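With chain A fixed as given, assemble chain B onto it according to the hints.
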Amino acid sequence: MERKGGGIMSLAIQIAFRFMKSNKGQTILIIIGISIGVAIQIFIGLLIQSLQSSLIDTTIGNSPHVSIKSTSEDGVIRDGDTILSELERMNLSLTALTSAADFGGFIRKGNSRANVVVRGLSFPSANAIYGIQEAIYEGTMPSGENEVLIGKELQKDLNIQLGERLQIFVLGGLIPQAREIRVSGFFDLKVSSLNRSWIVTNQSTAQALYGFGQGITSIDIQIQAVFEADAVAASVEEAVGREGLRIENWKDQNEQLLSGLNGQTISSLFIQVFVIISVCLGIASVLIVSVLQKSKQIGILKAMGLTDKQTSLVFLSQGFFLGIFGAIVGVGLGLFLSFSFVLFAKNPDGSAVVPFFINYGFIALSGVIAVSASTIAALLPARRSSKLSPVEVIRNG
Amino acid sequence: MDEKSNRKVLILEKINKFYGTETPIQVLFDVDLAFEEGSFNSLIGQSGSGKTTLLNIIGTLDRPSSGSLTINGKKTETLNNKGLATLRNEELGFIFQFHYLLPEYTARENVLIPWRIRHTRVPNEVEQRADELMDLVGLAKVKNNLASKMSGGQQQRTAIARALINEPSIILADEPTGNLDSDTTQVVYQLLREINERLKTTFLIVTHDRRVAERTDRVVEIRDGRVVLDIAQNPKGQNPKGQNPKGQNPKGQNPKG
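Chains as they are written, first to last, in the numbering used here: chain A, 1 to 397; chain B, 1 to 257.
Fair warning: there could be bad hints in the mix.
[Claimed, not checked] Per the computed footprint, the stretches of chain A lying under chain B, defined by three or more beta-carbons under 8 Å from a beta-carbon of chain B, are:
no., stretch
1, 19 to 25
2, 296 to 307
[To be verified] Taking lysine-lysine and the DSS-like style, the derived pairs with C-alpha atoms no more than 27 Å apart in a straight line are:
no., chain 1, residue 1, chain 2, residue 2
3, B, Lys141, A, Lys21
4, A, Lys296, B, Lys149
5, A, Lys24, B, Lys149
6, B, Lys82, A, Lys309
7, A, Lys309, A, Lys387
8, B, Lys8, B, Lys75
9, B, Lys74, A, Lys309
10, A, Lys387, B, Lys74
11, A, Lys387, B, Lys75
12, A, Lys21, B, Lys149
13, B, Lys8, B, Lys74
14, B, Lys75, A, Lys309
15, A, Lys387, B, Lys82
16, A, Lys296, B, Lys82
17, B, Lys82, B, Lys8
[Unchecked claim] Quick partial rundown of chain B residues pointing at chain A, CB under 8 Å, derived from the structure:
no., residue
18, Gly59
19, Leu61
20, Asp62
21, Asn81
22, Lys82
23, Ala85
24, Phe94
25, Tyr100
26, Leu102
27, Tyr105
28, Arg116
29, Ile117
30, Arg118
31, Thr120
Everything labelled a hint here was simulated from the structure, so no lab data went into it.
Predicted, not measured: the structure shown is a model, and the values here were computed from it.
Here a beta-carbon is modelled for each residue, glycine too, at the ideal position from N, C-alpha and C.
This is chain B alone, in the form it adopts within the complex:
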């Protein structure tokens, strides 16, 4: 942790998001956030709090209604869809609750797809990296199985390896363990942590699982589209220093989460 630089790899300034045109509903209100390179963060909030919307905006899958988003020094407002696609491919890795592997491909082929989206050839070093990643997520033995023939935990670990193949600066994970049993959740969480420490990849994990959030370096809570809590905590993550993020439980007021 001591090696961490203070460089901000992700900067959000006055992000607002409205849905609908006739009677627009505001889902995000002037969200200002910045994340440091190599940090391990969680984003929590009730369903309907706007946390998924925020993650989609950070992932450039959705555009903010106003405000500015800078990813690894690149302003996203000026980019067209193609530019955003390239940015996502090079700078971001996604891990979703439903892993979304391509069932038509083997695990290892799935891992290589983000590379192949922008490159004709797969050089040996990338092949090697894929094998190392499969090792890292503990799937060396089943890497040539079709994705559809793997267990949920194996698929999620494959998705993690896939998110890492292009060596992105940021990994965005949306409920990465939401679909897994508690033992597998532990394994996957450990894995994310290990990657963070070994590769210095920045993580932003959306979760409603307190046990996961408690073990991140920084917890950001969104409620009704606003950042209501932003605390750094003990990296070992046993007890949050600040207020219990789940202390209050107002009902989600917005239709979209």
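Chain A with its partners taken away, still in its complex shape:
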């Protein structure tokens, strides 16, 4: 008796396939329906995900996700090394942990004057956040004392040459102090406001220029899971928080962006859910019609001893296999749509409007959802078929 389970499966599934094959037009239509649903789900899902991650990337890709700052008047953290080593011990999944000693000032050349922010970064760890090294298009990283990097826009505005010596006026005391710096290279961070205002140098140079001593002005963290910034900030607070320190995270500082993203995610989810529902309704109605069309066959099969369960299985497996075929075609179609979008939706400079991230997990999930939804949609037709009485069918034959 145990072995017969397989037989029950195989005959029901075979009948399902024969039924689908005998109604080729219907089968193809329903597979197209499922495919379009899956394709739309994948396309919309990937589009929104890509939009969001590119938006987040531009917003916070080159900035700290969590920062520790001083609340003291001079903004200086004097025990930076202790905090850094404390954070290192915490074993957070960080992509970058670095410190900065920043101050404001201006530089003058001839009659021109430019306000600047001197960023005393700690290399190489700062590079993971800001990507300065990769952004240098002329010259080298600052190595000697008082060597600095200057941004592309500032270079143009003041017509600065490589190796040129400049006067920088350090704001802080009552009177701006003039110091001399030497330009070792130029960077382009692709953000003109940064290119115009940042002067990047070694932490030691910045400390010496301003007179921080060993002090720093911020400790900066980048993390892998960017959306956990608030949680990471909280655990940082717990570990090193004290009077005089302020812990910031990007989420608190970008609430509007986040609520915008949230709204986008929810509306995209809504679209996907309704697409799935309409696909399910389509499958259910086609299969219910199919139960009616095949009622004579079902009746005779039951008369010959096909159980109600086996009969349901005929229609459930139709739903399942239609879902599988639909998902396969739909994934292909969805990827095709996505790639064509990347190919045709381009900015004037030739770059993609939305750089697409192909999230294979999401695609697989869409496929699984399509198959399960199709099978669930087949429940009602399956129930109907199992309730068909052979007497009714045969009498009305």
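Only chain B this time, still in chain A's reference frame:
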């Protein structure tokens, strides 16, 4: 015929059947019948007499409102739907007026379906039996044609082979020749008779065709839900010994036949 045992393969006791709930209509009244193993019987009656209802109850496609039905020693009242499905698969073969083959399958595949309903594999002996049955019904040459591509007579003969594949103890045939021309009717009737004699399968044939009924061993007539005539006759079946079953023709009074 002389080898026939007296074992009752089918026993009906006080079978009653009502239709409807608010004002129930009684279609069968205390039907008591028993059929011997290997016998060749016909069930006749006007349309609306209750003969099809009775056949459906005997075939366990419908349950009686009261009474008891025993098939090959198995009481059917105690079985659930699944148990009845198994019983039908193993003990009963159905032949209907509209043969109801699965048009999606070939003739030979149709014949094997009753076996495959309860078994994973089709062993060689069953494959062979299918071929023999196709031979027996004279369809060896067209057995791999799709059912939908065959003539009415061929389809009905395929349905007969299908009814036999599980070697059931009883074949229930509802107007098996009702849809066929008279030449084909002869062929099919001969075939049923031959199977009965060769395989000792019990037959119960519902028919309104007197020529068919006259050639069975026993004729049971139902009128208004009651057995009004039950006669054994000459196996060669030329002339019924008893009263002419069609002697009286009262109009069917019940909506269901």
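What hints, given by number in increasing order, does this structure fail? Structure breaks no hint.
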